[in-house]
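*Asks:* The two chains are supplied separately, each in an independent frame; assemble them into the complex guided by the hints.
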Amino acid sequence: DAKTTQPTSMDCAEGRAANLPCNHSTISGNEYVYWYRQIHSQGPQYIIHGLKNNETNEMASLIITEDRKSSTLILPHATLRDTAVYYCIVRVRRDDKIIFGKGTRLHILP
Amino acid sequence: DTAVSQTPKYLVTQMGNDKSIKCEQNLGHDTMYWYKQDSKKFLKIMFSYNNKELIINETVPNRFSPKSPDKAHLNLHINSLELGDSAVYFCASSQDLGAGVYNEQFFGPGTRLTVL
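Chains as they are written, first to last, in this note's numbering: chain A, 1 to 110; chain B, 1001 to 1116.
Keep in mind the hints are simulated off the structure, nothing from the lab. In this text, a Cβ means the ideal position worked out from N, Cα and C, and glycines have one as well. There's no promise every hint is true.
[Unchecked claim] Here are some chain A residues pointing at chain B (derived, C-beta under 10 Å):
{"id": "1", "residue": "5"}
{"id": "2", "residue": "7"}
{"id": "3", "residue": "36"}
{"id": "4", "residue": "44"}
{"id": "5", "residue": "74"}
[What the hints assert, rightly or not] Cut-off 20 Å, straight-line C-alpha distance, at most; resulting in silico cross-link-like pairs (SDA-like, lysine to any residue):
{"id": "6", "chain 1": "B", "residue 1": "1041", "chain 2": "A", "residue 2": "10"}
{"id": "7", "chain 1": "B", "residue 1": "1040", "chain 2": "A", "residue 2": "7"}
{"id": "8", "chain 1": "A", "residue 1": "102", "chain 2": "A", "residue 2": "77"}
Chain B extracted, bound-state conformation (with noise of 0.2 Å):
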């Protein structure tokens, strides 16, 4: 199926530990981001990255380091993780249609990330 795809779908794990979340896409999409969405369910952009360059990073803190190996994937480290880091992540892509002119965006179905 064609898709965003995010690995795993829930993850618990321990404060101060070091975890990712993986991201692939097989639209063919050249941009690619990842949203938070916090208990109150805002959901919120952190990074996009076009062509794997970082084009989007929405104030968030530096343990947080996206990293995209090509284009259909965008990988999201979190290091140090703290109890607000609990959330749901959503990987998303779209298609950058030329003069900075984008399309709408496929979100994957999220990561639940909880933070003891």
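Bound conformation, chain A alone (with noise of 0.2 Å):
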């Protein structure tokens, strides 16, 4: 099962800022968390991960509380081309296996 809770939808208006939280109060110490996307018809996209800094790169930026129970996924400038359903991840590097969950269906409106 999936150790993330995230809202099930979201909108955005374009141009925006998408604030896309996460919850995973279980999460261990050497546990990451990972984003990814899908956009519709496509295969999902890795998009960013962090242990506990906050992570930004071309993409998105990842900002993890201090308690690293929950995070958000900012997409600074939210572009039509970002409508997709966002995957909120918590994984161990070392283990392979990604488990999604439902995810969150970001809508970004003109």
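*Replies:* See the structure below:
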């Protein structure tokens, strides 16, 4: 079973920052937080991951709370192409399985 | 382009037939996976192979047999297809960074299998 809880769906206006929350209250010390997304009819796409520090790459930023029980994925300037299902996954890097939950369906509104 | 590719993209077949889905990655990764995404959109891992050796088999019926001729290919053969096998099948690959540490997974575009 997935170890994370995410809202079922969210809306965001185009050009605004999209903030996707994820709860992972049972996360253990060696587990990373990963984010993937799946655009309609495509394979999942890796976005970002982190352990305890905030992370940023060309796609997004990941903010992890100090107690590591929750995190937020930030897409700084959402575009229509960011419409997708976003999956927050908790995973030990040594464990090569990815257990996908239901994810958050993000709608970017023009 | 460097990527994970799958063929065919669509596969429609009758119950009881045997079919194969092919997967190739040119990323130089040594670990490959098959996932199944059912009609409810749940994505579940089926198999993973590391350097042509099976390392995960997630209670998949033995009608499903993965075959890895080399570390760039992981094909999925399905015998005696059933209605419940209808789904989208995704191949993925990742790099073993050593000591059991794996990098992020790269997914193929998927194969939509419809069993009639």
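*Asks:* Does residue 36 of chain A meet its interface restraint, that is, does its C-beta lie within less than 10 Å of any C-beta in chain B?
*Replies:* holds, 8 Å
*Asks:* Once the shortest beta carbon distance from residue 5 of chain A to chain B is found, is it less than 10 Å?
*Replies:* Constraint on residue 5 of chain A not satisfied, violated at 16 Å.
*Asks:* With a cut-off of 10 Å, does the beta carbon of residue 44 of chain A approach a beta carbon of chain B closely enough for the hint to hold?
*Replies:* Because about 5 Å separates residue 44 of chain A from the closest Cβ in chain B, which is inside the 10 Å limit, the hint holds.
*Asks:* Hint check: residue 1040 of chain B vs residue 7 of chain A, CA-CA at most 20 Å. Holds or violated?
*Replies:* holds, 17 Å
*Asks:* Measuring from the C-beta of residue 74 of chain A to each C-beta in chain B, is the shortest one below 10 Å?
*Replies:* Violated: closest Cβ of chain B sits about 19 Å from residue 74 of chain A, beyond 10 Å.
*Asks:* If you draw a straight line from the CA of residue 102 of chain A to the CA of residue 77 of chain A, is it 20 Å or shorter?
*Replies:* violated, 24 Å
*Asks:* For the pair supplied as a hint, residue 1041 of chain B and residue 10 of chain A, is the alpha-carbon distance within the 20 Å limit?
*Replies:* holds, 18 Å
*Asks:* Let me know if the C-beta of residue 7 of chain A comes in closer than 10 Å to any C-beta of chain B, holds or violated.
*Replies:* Violated. Min distance 16 Å.
Violated hints, listed in ascending order, are 1, 2, 5, 8; each of the other numbered hints is respected by the structure.
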